[in-house]
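Could you build all of it, start to finish, from the sequences and the hints given here?
Residues per chain, in single letters:
Number of protein chains: 2
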Amino acid sequence: MNAREDAGRQIRELIEYCQEAAGRKDYAVIGRLYAAGAKFMPAHAPLAVGPVAATEIWRAMLSLPNMVLSWTPATIDASAAGDLAYVAGSYALAFDSEAGRREDRGKYVAVWQKIDGAWKMVADISNSDLPVA
Amino acid sequence: MNAREDAGRQIRELIEYCQEAAGRKDYAVIGRLYAAGAKFMPAHAPLAVGPVAATEIWRAMLSLPNMVLSWTPATIDASAAGDLAYVAGSYALAFDSEAGRREDRGKYVAVWQKIDGAWKMVADISNSDLPVA
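Protein chains in written order, with my numbering: chain A, 2 to 134; chain B, 2 to 134.
Hint data in this document are derived by calculation from the structure and do not stem from the laboratory.
Please note: incorrect hints may appear among the correct ones.
Which copy? The list can't say, so a pair holds if one copy fits it or any two copies do.
Unchecked claim - With a straight-line Cα cutoff of 20 Å, these simulated EDC-like cross-link-like pairs (lysine to aspartate or glutamate) come out:
| id | residue 1 | residue 2 |
| --- | --- | --- |
| 1 | Lys26 | Glu14 |
| 2 | Lys115 | Glu6 |
| 3 | Lys115 | Asp105 |
| 4 | Lys115 | Glu99 |
| 5 | Lys121 | Asp78 |
| 6 | Lys115 | Asp78 |
This is how it looks when you write it as structure tokens:
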């Protein structure tokens with residue numbers, strides 16, 4: 002297995018690790034996967050920089066009432082040397098709001114960089130497929 | 002200059018080339034910078050795949066009445082070998098709508114890959130900083 006394929010496999014495992022953490026609402030585990038200075042870009046909110054800010058956004062999202070979140074990495078690809086990688090995929094999110102059940106689906110890109118031997122997200126951005134209500 | 006820095010410089014030049022093309026509403030030039038199979042992810046619209054679909058979205062955006070678009074690449078970084086790179090930045094967009102002047106600002110991530118010696122975008126996604134109206 003070459004470095005590029007190896008990186009792809011490592012990123013896939015980290016995504017599964019994140020998905021399991023999200024399932025048990027363990028936002029701290031997810032937050033630690035963001036690099037210092039990582040750019041986390043939630044839709045309709047300002048840029049958030051670094052793992053502390055990213056953790057807080059994950060905490061708030063995973064705390065939504067009856068929240069169900071899933072995401073699917075459709076593309077995972079890495080550089081030849083396995084030091085930079087990106088993921089492009091889709092997500093589905095549902096939760097209860099004061100106006101009733103809210104359901105959203107959309108797409109996302111995450112960029113991972115190997116920093117001191119460990120993969121960290123350096124950018125993470127998503128947007129909705131649905132028209133603005 | 003190493004391969005990583007060289008890639009960063011090349012990407013910066015391509016961004017300036019895109020910005021000049023956008024200024025003269027030359028959507029075809031921008032569209033050709035998307036790879037076959039590129040994932041272009043406009044907000045509140047479905048995933049668009051490949052240069053033909055990307056070109057059409059750029060054509061529509063650059064055709065908005067009295068459209069003013071600018072974007073700023075805050076981060077440009079590449080893999081050590083200079084074969085994969087990402088850009089994270091911000092944008093500002095304004096145009097006339099039936100409901101009056103619309104102004105938006107937000108953030109974006111673009112992933113570039115060197116394919117057969119030429120840099121192409123393989124993923125491009127943005128979202129708004131502003132609350133949903």
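Consistency of the hints with the structure:
1. Lys26 to Glu14: Within one copy only: 18 Å inside a chain, 43 Å across chains, cut-off 20 Å.
2. Lys115 to Glu6: Cα proximity of Lys115 and Glu6: in one copy and across copies (14 Å, 17 Å).
3. Lys115 to Asp105: Classified as neither; 31 Å inside a copy, 34 Å across copies.
4. Lys115 to Glu99: neither (42 Å within a copy, 48 Å between copies)
5. Lys121 to Asp78: This pair counts as both: shortest intra-copy Cα distance 15 Å, inter-copy 14 Å.
6. Lys115 to Asp78: both (13 Å within a copy, 13 Å between copies)
The structure fails hints 3, 4 (numbered hints given earlier, in ascending order).
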